[in-house]
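Asker: Based on the hints, put chain D in the right spot on chain U.
Protein chains in written order, with full-length UniProt numbering: chain U, 1 to 120; chain D, 1 to 615.
Just so you know, not all the hints are guaranteed correct.
[What the hints assert, rightly or not] The calculated lysine-lysine pairs, modelled on PhoX-like cross-linking and capped at a C-alpha distance of 25 Å, are:
id, chain 1, residue 1, chain 2, residue 2
1, D, K161, U, K79
2, U, K84, D, K401
3, U, K106, U, K14
4, D, K402, U, K84
5, D, K206, D, K479
6, D, K407, U, K84
7, D, K161, U, K14
8, U, K106, D, K522
9, D, K206, D, K161
10, D, K206, U, K14
[Said to hold, decoys possible] Derived CB-CB ranges, DEER-like:
id, chain 1, residue 1, chain 2, residue 2, range
11, D, D458, U, K84, 20 to 26 Å
12, U, N83, D, F184, 31 to 37 Å
13, D, T520, U, K84, 35 to 41 Å
14, U, N102, D, A541, 51 to 57 Å
Simulated from the structure, these hints should not be mistaken for laboratory data.
Just so you know, even glycine gets a beta-carbon here, dropped at the ideal spot from N, CA and C.
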Amino acid sequence: MTMSMALTRLYLDKATLIWNGNVVTGLDALANFFEMLPSSEFQVNMLDCQPVHGKIRVFQEQATPSQTTVLVVTSGIVKFDGNKQHYFNQNFLLSAHSTLNNTVWKIASDCFRFQDWASS
Amino acid sequence: MTRTHVTKSRCAAVSVQIAVPTQVPAPSGLWPRKEEEDEEETEVEEDSHQVNSLQRRARCWGIFQRRYVSWSETFSPGIHPSSRQEQDGDVAMRDAHVGPGVRYTPYAIPTYWRRDSFHRGDQTHGNPERERKPPEEGLEGNRQDGTSRSWFKVIFPFGIKYDEKWLLNLIQSQCSVPFNPIEFHYEKMQVQFFGENASIAFALKKVSGKIWDEENERISIFVSPSAIPHSEQKKLKSTKVKLIKVMQTQDTCTHTHSFFSHQFPPTPPRCQSHFRPSLSLQKTNIKGHEVPQRALDLQRLHSDPDPMTLDIEKGPNLRNCMAASLHIHEENMRKVNSEGELDKVKGLEPEERCSDRNPLCTTFPDKSTNISSILELFSKLLHLDDHKIPPPIIFGNEAYKKLPVCKGNVFGSETLKNLILQFLQQYYWIYDSGDRQGLLDAYHDEACFSLTILLNPDDLVPSCLHKYSMGSRNIRKLKDPVLRVQLLKHTKRDIVDFLSVLPKTQHDLSSFVVDMCVQTEKMLCFSVNGVFKEVEEVCQARVRAFTRIFIATPASNFSLCIVNDQLFVSDAGPIETQGAFSTPVPTLSSSSVPTISQEQQEVAQVFSTQSGMNH
Numbered sequence: 001m002t003m004s005m006a007l008t009r010l011y012l013d014k015a016t017l018i019w020n021g022n023v024v025t026g027l028d029a030l031a032n033f034f035e036m037l038p039s040s041e042f043q044v045n046m047l048d049c050q051p052v053h054g055k056i057r058v059f060q061e062q063a064t065p066s067q068t069t070v071l072v073v074t075s076g077i078v079k080f081d082g083n084k085q086h087y088f089n090q091n092f093l094l095s096a097h098s099t100l101n102n103t104v105w106k107i108a109s110d111c112f113r114f115q116d117w118a119s120s
Numbered sequence: 001m002t003r004t005h006v007t008k009s010r011c012a013a014v015s016v017q018i019a020v021p022t023q024v025p026a027p028s029g030l031w032p033r034k035e036e037e038d039e040e041e042t043e044v045e046e047d048s049h050q051v052n053s054l055q056r057r058a059r060c061w062g063i064f065q066r067r068y069v070s071w072s073e074t075f076s077p078g079i080h081p082s083s084r085q086e087q088d089g090d091v092a093m094r095d096a097h098v099g100p101g102v103r104y105t106p107y108a109i110p111t112y113w114r115r116d117s118f119h120r121g122d123q124t125h126g127n128p129e130r131e132r133k134p135p136e137e138g139l140e141g142n143r144q145d146g147t148s149r150s151w152f153k154v155i156f157p158f159g160i161k162y163d164e165k166w167l168l169n170l171i172q173s174q175c176s177v178p179f180n181p182i183e184f185h186y187e188k189m190q191v192q193f194f195g196e197n198a199s200i201a202f203a204l205k206k207v208s209g210k211i212w213d214e215e216n217e218r219i220s221i222f223v224s225p226s227a228i229p230h231s232e233q234k235k236l237k238s239t240k241v242k243l244i245k246v247m248q249t250q251d252t253c254t255h256t257h258s259f260f261s262h263q264f265p266p267t268p269p270r271c272q273s274h275f276r277p278s279l280s281l282q283k284t285n286i287k288g289h290e291v292p293q294r295a296l297d298l299q300r301l302h303s304d305p306d307p308m309t310l311d312i313e314k315g316p317n318l319r320n321c322m323a324a325s326l327h328i329h330e331e332n333m334r335k336v337n338s339e340g341e342l343d344k345v346k347g348l349e350p351e352e353r354c355s356d357r358n359p360l361c362t363t364f365p366d367k368s369t370n371i372s373s374i375l376e377l378f379s380k381l382l383h384l385d386d387h388k389i390p391p392p393i394i395f396g397n398e399a400y401k402k403l404p405v406c407k408g409n410v411f412g413s414e415t416l417k418n419l420i421l422q423f424l425q426q427y428y429w430i431y432d433s434g435d436r437q438g439l440l441d442a443y444h445d446e447a448c449f450s451l452t453i454l455l456n457p458d459d460l461v462p463s464c465l466h467k468y469s470m471g472s473r474n475i476r477k478l479k480d481p482v483l484r485v486q487l488l489k490h491t492k493r494d495i496v497d498f499l500s501v502l503p504k505t506q507h508d509l510s511s512f513v514v515d516m517c518v519q520t521e522k523m524l525c526f527s528v529n530g531v532f533k534e535v536e537e538v539c540q541a542r543v544r545a546f547t548r549i550f551i552a553t554p555a556s557n558f559s560l561c562i563v564n565d566q567l568f569v570s571d572a573g574p575i576e577t578q579g580a581f582s583t584p585v586p587t588l589s590s591s592s593v594p595t596i597s598q599e600q601q602e603v604a605q606v607f608s609t610q611s612g613m614n615h
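Isolated chain U, as found in the complex (with noise of 0.2 Å):
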């Protein structure tokens, strides 16, 4: 399996990338995303993250039971080959989709932006 392939599985059918204001959206778009993107080694500097409000019942389905949504931002300094070095921030909304014998975490939503992304 290819690393992007391996990233896609990371994401809920649905979910959306948003790229430095490229909205990117559903598996197969997102798969073609990251095979279309260079490689890229990341170095994470800021983690942090929330649960987001219990009462908010985010991407929920009739008939699933209640799904737990957490916050994740992080920030740090990414490198594409072929390109500079820039200041990253991201941010994830993770749900987790619980069935009788196991919750499986996937990602809803993915927000990316160079903090210098007007000059890029």
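Answerer: Showing chain D alone in chain U's frame:
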């Protein structure tokens, strides 16, 4: 995400790029502790799964982490968040961000296989620009015995504090591999030295952050690939001069075995009637300017298990010659001025050259195989025996992938755009007003807030830094689970009290860029990136960059009701600082707290209708 890939030529080196993925330890403080859980339980969960489900989820969070490699730590463990704070404020250093990654190519002649990087012959070192180049362009020197070296640079950010012997002893005691520091020196606040070969680089990387000085402060080690150090380069040159002189005086062809002898037994060292491409032997112009050099390590080629290898078995003289730099000058075959007076070599001439000084012969019976075999070693050749070589066949995946173009705001719809912009205007009007108590109305009773910062402490007046750092919850650094919980502000009262303590600010709304991540019936999640100025006198009008994530539900009086709020403050880059506050922004009237206008009510109405929800 990083990629591990291996490229192997038919003939020679293996280029291996190694990423060392590790997992971020599960944040243990994410969920409230048990005694609080019960309280939380009734408020947070309408379905009464009770404590068990929370525990299950906490465990599952761990499973999720184990199953997926979330962040790769290819960097030295010494490059932890405080590295941004450790730097001495020098802008060049900050931008260089030492060692954005360490990739090792222990066997490679990486540059041979990339046409476009062939002519980068600059071997100067100590130039931060140089060190930022991808490791594929790192240069290698050759020992006389032919083993290759990959050079890397080791930096101790505050090494100026340490005595050389003490430091080296300390590292060597922790380091699994013996190493020999080359060109150990102090530069500004740092200690720097060079080292050779990948295993040492790895070993040093491992040591970083695991050693302490006499004041019990952790010592960080930054390791990054580097060009060949100056002193080594000089040694190399003088070696080359000697060897070439030796070659000139010898009839090396008579001592040569076949270049590719795998299928053919070693032939008598006589020039045969086979096609015999000869290669020019160039010498560095030591008196004059630098000549782009690429050293071919024939000895390494010899050890490659691939069948198309050299078979060089000769006495020490020839071995040394072979291991010495064989300089190939394609487009710039030039006259070389030297003591040895090697005459101009242009193209290659068979037979007659061979009998003079050409050490390399191939003995394949057909011309095209000969050409192919030579090209596999020397892919950059343009001319061989006065014949022009056809350009290499390149497949699409060798081209550099381009990054998508960066774009501005993402709002989703015009309605939401208006809603969000109005919200932000209101919010920051109060936030910047000097009294943040007015924000109570903006938050849900049970809202959550946390703050993280990455600021250069040298840049901040202590009283200013104190205001941030007391509340900063960077769980990348903060391991104490109690503190982690405490720093997650909960309830609107706690949040607003905390916000009131932070330095007074002035936000530049024209700098804002919004990404609306999620829009559902019940909730909006968006991030705001921008800059603000600290306007307290002690803070000296510093410009900061911030990223703020809001998760909110629709509200009637404030347009949005915040349930989650995460604020990250960092240093603004030079471009952002310059551009800040340059565009005049119309301010709201200062006569009163803005009341909801008709338009805003309509907007809120639209949102409610769309969401089908009554708040």
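Asker: Indicate, hint by hint, whether the structure satisfies it.
Answerer: Verification of the supplied hints:
| no. | hint | in the structure |
| --- | --- | --- |
| 1 | K161(D) - K79(U) | violated, 31 Å |
| 2 | K84(U) - K401(D) | holds, 14 Å |
| 3 | K106(U) - K14(U) | holds, 11 Å |
| 4 | K402(D) - K84(U) | holds, 12 Å |
| 5 | K206(D) - K479(D) | holds, 21 Å |
| 6 | K407(D) - K84(U) | holds, 18 Å |
| 7 | K161(D) - K14(U) | violated, 54 Å |
| 8 | K106(U) - K522(D) | holds, 20 Å |
| 9 | K206(D) - K161(D) | holds, 21 Å |
| 10 | K206(D) - K14(U) | violated, 40 Å |
| 11 | D458(D) - K84(U): 20 to 26 Å | holds, 24 Å |
| 12 | N83(U) - F184(D): 31 to 37 Å | holds, 33 Å |
| 13 | T520(D) - K84(U): 35 to 41 Å | holds, 37 Å |
| 14 | N102(U) - A541(D): 51 to 57 Å | holds, 53 Å |
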